[in-house]
Amino acid sequence: MFYQILANGLIAGAIYALVAAGFSLIYSTTKFVHFAHGGVIALSAYMLYLFYSLLGINFWLSAILAIISGVIIGVGIDYLVYQPLRKRRASPVIILISSVSVLLILESLNLMLFGADVKSINFLDIGSGWSIGPVIITSLQIFIVISSFVLLVTLFLFMKYSKIGKAMRAVADNKNVAEIVGISAERIYTWSFAIGSLIAGFAAVLISLEQNIEPTMGTALIIKGFTASIIGGVESVAGGVLGAFLLGLTENFGIWWLPSSYKDAIAFVILFAFLLLRPEGILGVKKNQK
Amino acid sequence: MKNDILKIENLKKHFGGVLAVDDCSFGVERGTITALIGPNGSGKTTVFNLISGVTKVDSGKILLNDLNIAHLQPSVISNLGISRVFQQSRLFGNLTVEENLMLAFDNEDQKFWASFLGDWWRKPASAKDTARQSKKQIIDEYLESMHITHMRDKQTRDLSFGQKRLVEILRALINPHNLLMLDEPVAGVTPELRDKIKKVLLELKAKGETILLIEHDMNFTLKVADWVIVMDAGQVIVEGIPDEIRHNPKVLEAYLD
Amino acid sequence: MASAYIIHLLILICIYLILSLSLNLSVGYSGVLNLGHIAFYGLGAYTSALMALAGVPFLLCLLAGGLVAMFSGFLLALPTDKIKGDYLALVTVGFSFIIYSLMLNLDEVTRGPLGLPGIPRPSIFGFGFEDNFSFLILIAVITLAVYFIIQRIADSPFGKLLEAVRDDELAAKILGKDTFKAKAFSLAISAFFAGIAGALYASYITFIDPSSFSLMQIIPIISIVIIGGLASLPGTVLATIILTLIPEALRFVGFPSSILGPMRQIIYALILLLILIYRPRGFLGKVELE
Chain A
1 MFYQILANGL IAGAIYALVA AGFSLIYSTT KFVHFAHGGV IALSAYMLYL FYSLLGINFW
61 LSAILAIISG VIIGVGIDYL VYQPLRKRRA SPVIILISSV SVLLILESLN LMLFGADVKS
121 INFLDIGSGW SIGPVIITSL QIFIVISSFV LLVTLFLFMK YSKIGKAMRA VADNKNVAEI
181 VGISAERIYT WSFAIGSLIA GFAAVLISLE QNIEPTMGTA LIIKGFTASI IGGVESVAGG
241 VLGAFLLGLT ENFGIWWLPS SYKDAIAFVI LFAFLLLRPE GILGVKKNQK
Chain B
1 MKNDILKIEN LKKHFGGVLA VDDCSFGVER GTITALIGPN GSGKTTVFNL ISGVTKVDSG
61 KILLNDLNIA HLQPSVISNL GISRVFQQSR LFGNLTVEEN LMLAFDNEDQ KFWASFLGDW
121 WRKPASAKDT ARQSKKQIID EYLESMHITH MRDKQTRDLS FGQKRLVEIL RALINPHNLL
181 MLDEPVAGVT PELRDKIKKV LLELKAKGET ILLIEHDMNF TLKVADWVIV MDAGQVIVEG
241 IPDEIRHNPK VLEAYLD
Chain C
1 MASAYIIHLL ILICIYLILS LSLNLSVGYS GVLNLGHIAF YGLGAYTSAL MALAGVPFLL
61 CLLAGGLVAM FSGFLLALPT DKIKGDYLAL VTVGFSFIIY SLMLNLDEVT RGPLGLPGIP
121 RPSIFGFGFE DNFSFLILIA VITLAVYFII QRIADSPFGK LLEAVRDDEL AAKILGKDTF
181 KAKAFSLAIS AFFAGIAGAL YASYITFIDP SSFSLMQIIP IISIVIIGGL ASLPGTVLAT
241 IILTLIPEAL RFVGFPSSIL GPMRQIIYAL ILLLILIYRP RGFLGKVELE
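Protein chains in written order, with the numbering used here: chain A, 1 to 290; chain B, 1 to 257; chain C, 1 to 290.
The set of hints was computed from the structure by calculation and includes no laboratory data. Here the structure is a predicted model, which is why all the values come from computation and not from measurement. The C-beta atom is built at its ideal place from N, Cα and C for all residues, glycine as well. A hint or two may mislead.
What the hints assert, rightly or not - Just some of the chain A residues that point at chain C, by a computed CB distance under 8 Å:
| hint | residue |
| --- | --- |
| 1 | Leu-85 |
| 2 | Pro-92 |
| 3 | Ile-94 |
| 4 | Ile-97 |
| 5 | Ser-98 |
| 6 | Ser-101 |
| 7 | Leu-111 |
| 8 | Met-112 |
| 9 | Ile-223 |
| 10 | Ala-265 |
| 11 | Phe-268 |
| 12 | Val-269 |
| 13 | Phe-272 |
| 14 | Leu-275 |
| 15 | Leu-276 |
What the hints assert, rightly or not - Straight-line distance between alpha carbons at most 30 Å, and here's what the computed BS3-like set of lysine-lysine pairs gives:
| hint | chain 1 | residue 1 | chain 2 | residue 2 |
| --- | --- | --- | --- | --- |
| 16 | B | Lys-199 | B | Lys-154 |
| 17 | A | Lys-163 | A | Lys-31 |
| 18 | B | Lys-223 | B | Lys-207 |
| 19 | B | Lys-154 | C | Lys-286 |
| 20 | B | Lys-196 | B | Lys-136 |
| 21 | C | Lys-84 | B | Lys-154 |
| 22 | B | Lys-111 | B | Lys-136 |
| 23 | B | Lys-199 | B | Lys-223 |
| 24 | A | Lys-31 | B | Lys-56 |
| 25 | B | Lys-154 | B | Lys-111 |
| 26 | B | Lys-111 | C | Lys-181 |
| 27 | B | Lys-61 | B | Lys-12 |
| 28 | C | Lys-181 | B | Lys-136 |
| 29 | A | Lys-31 | C | Lys-82 |
| 30 | C | Lys-181 | B | Lys-61 |
| 31 | C | Lys-84 | B | Lys-56 |
| 32 | B | Lys-56 | A | Lys-175 |
| 33 | B | Lys-199 | B | Lys-7 |
| 34 | C | Lys-286 | B | Lys-136 |
| 35 | B | Lys-7 | B | Lys-198 |
| 36 | A | Lys-87 | A | Lys-163 |
| 37 | B | Lys-250 | B | Lys-198 |
| 38 | C | Lys-181 | B | Lys-135 |
| 39 | C | Lys-84 | A | Lys-31 |
| 40 | C | Lys-84 | A | Lys-175 |
The task is simple: from the sequences and hints, build the whole structure.
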């Protein structure tokens, strides 16, 4: 039982980590909460459904097209909404409200274009399970865990060694200093949205293999990704990933004792507790009061 | 033995690894104008923030009339009798000049039910009106004395820099206090306004007010202050009457560093 | 027929008015960016509905709905002393999530997603408000009362204190004000009226389920407050009327109702975005949202 819950927690954590990684990446450079990130994932998932199930395009090509749509949507949101707001020096609170509005627009679009009923992508067979000792995992779940691991490692290497990754970390660390040494913060913001949304598109493909696609999935996912980021420390991608696994494990161990319908409530209580008691997260550094 | 209203003893504050205020001690004598001077970054404004409770004290004592006010909340410290003007304008920008000043008189406005229903069960409504009228009158007199009556109903965010300064000083004056603290009251104002503020400060002293001020303008400081305290690197290096300070080599050295 | 439709619209406008006027008290006057207003609304609706279903007289249900919301408003005010700005907004978002997930998951009490049907219409001292016209008169009287109470608070010295806290909390503290008490009071009162609105909604529709109280429902109300202008009660009234009527126009164009719902959300969200980008003071407001 214990090992099965551990495995379930890790699988849930892997999915949350994909959501949290893109979200934290965007937060770390731009310093505002991009709730609409969940909407980007949801719309990308619908794009996969459109290309693969409706238009009958080859799965791998559909997946690539879905990921590209994710990038276009994410960068488009930044260009159309956040950039004008930044230009008039709107506060993070205003941007927060606007991001919730964008999320609402994306969800309503899904509802309008694809209807309220759930969709599913039947590409990989969910049924066949593997048993590793006492634990049963489906091949799909193994695929998801391995892919997200590969993606997160790639992201880590990109942030550490590539020129753009380094510039992004510089902006995240101190925007003003970064601009003095000649890094254009606006350009890095665009890059953050592109890479963050690329991860979102990737997440959309993996998630829609395992779960149904429904109009409100974006909100459900971003709540989890957001909670994970707050737990781990919203300023860092590593924190978000760590928080994601902690959240996945806590939820799954929590429903060992509580009815399973309380899974979401567990996440919210943790989120609330962290916001109130340790808003900087586990890995975060408390800012010196001035 | 001086008659000190405020005594600072071994005050310390660090931000991260930087010691902003390092074992600082001084006193402010009742009925005088005391000036706190020193080069940029010497810790003057931090001392102000520590006294008014805006920044938490690491260690040391701040005695106001022999009561230690270190570690108290800013609002409590204010109600114990310290009134303060900040370096940047901190007026309530969307409120008018009169409303800004009205808030300073007392804390009656905190009583929600009395404010909402009137407190006819304690005193007749007319008494409250009279109290309000007399407050308005006091405001009018102050505005008159500064020749800014015409600004009474303007939102303060529309005022000029100098006008904001005056209203802030007025608001701190109306706020009941035993000690008035001003952070660079004449920085960036026109020469005429500087003379006006100087006159106001000297009049206040004549009325028995105690004032502690930070000021960069040496000419201004040495003319209005009775006692000058020079800070450098978070410590008091010299204190004395203006004439002594003017010729003290240590002061010159601190500024040249 | 037409008049029944107009009565229905007027009742909806009244419910929105109570919600948005009370939200303007906390957001516009005291500057607490409360995105959890819908949670108060929902608490009021569920409390009063459960009591009404248990046979408690309407006026008591109404009051209890208000008081439960008020109490939770006070709880939500507790962190406002430490947490500011976008983090506080996030705390209120988290609060909204928690209340929503309680409605959804406390099956034994709330019947979860099935909702609570058969809520009795109001009845005061034997006089029933069964038909919509008498209900309209009841809610119009309550709405007027709410307007005058909030206006009186806003014009009182206490209201000026709230505005002072909004403009510069530290400066208010330096004048000796207990700013926490001021914010807690304003949030509690604001929550009380939201609870009242919820109780009225429940007794009007006679059915409630969690979907009416999800986080996204805050968008139309926050749009009303921002479009009408912070700290401007006439602005709020005007914006409520306009925003309730705009989507109704779509109905006459002849869109099917499956498209109408999401389209209405998109319109609200788009208007809010445009206002945030181009006219942050709203139409009748003097205060800029920060």
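Hint check:
no., hint, in the structure
1, Leu-85, "holds (6 Å)"
2, Pro-92, "holds (4 Å)"
3, Ile-94, "holds (6 Å)"
4, Ile-97, "holds (6 Å)"
5, Ser-98, "holds (5 Å)"
6, Ser-101, "holds (4 Å)"
7, Leu-111, "holds (4 Å)"
8, Met-112, "holds (4 Å)"
9, Ile-223, "holds (6 Å)"
10, Ala-265, "holds (5 Å)"
11, Phe-268, "holds (4 Å)"
12, Val-269, "holds (7 Å)"
13, Phe-272, "holds (5 Å)"
14, Leu-275, "holds (5 Å)"
15, Leu-276, "holds (5 Å)"
16, Lys-199(B) / Lys-154(B), "holds (25 Å)"
17, Lys-163(A) / Lys-31(A), "holds (21 Å)"
18, Lys-223(B) / Lys-207(B), "holds (18 Å)"
19, Lys-154(B) / Lys-286(C), "holds (13 Å)"
20, Lys-196(B) / Lys-136(B), "holds (23 Å)"
21, Lys-84(C) / Lys-154(B), "holds (29 Å)"
22, Lys-111(B) / Lys-136(B), "holds (20 Å)"
23, Lys-199(B) / Lys-223(B), "holds (11 Å)"
24, Lys-31(A) / Lys-56(B), "holds (27 Å)"
25, Lys-154(B) / Lys-111(B), "holds (26 Å)"
26, Lys-111(B) / Lys-181(C), "holds (10 Å)"
27, Lys-61(B) / Lys-12(B), "holds (9 Å)"
28, Lys-181(C) / Lys-136(B), "holds (26 Å)"
29, Lys-31(A) / Lys-82(C), "holds (20 Å)"
30, Lys-181(C) / Lys-61(B), "holds (28 Å)"
31, Lys-84(C) / Lys-56(B), "holds (18 Å)"
32, Lys-56(B) / Lys-175(A), "holds (28 Å)"
33, Lys-199(B) / Lys-7(B), "holds (27 Å)"
34, Lys-286(C) / Lys-136(B), "holds (24 Å)"
35, Lys-7(B) / Lys-198(B), "holds (25 Å)"
36, Lys-87(A) / Lys-163(A), "holds (26 Å)"
37, Lys-250(B) / Lys-198(B), "holds (27 Å)"
38, Lys-181(C) / Lys-135(B), "holds (24 Å)"
39, Lys-84(C) / Lys-31(A), "holds (15 Å)"
40, Lys-84(C) / Lys-175(A), "holds (22 Å)"
Violated hints for the displayed structure: none, as all numbered hints are satisfied.
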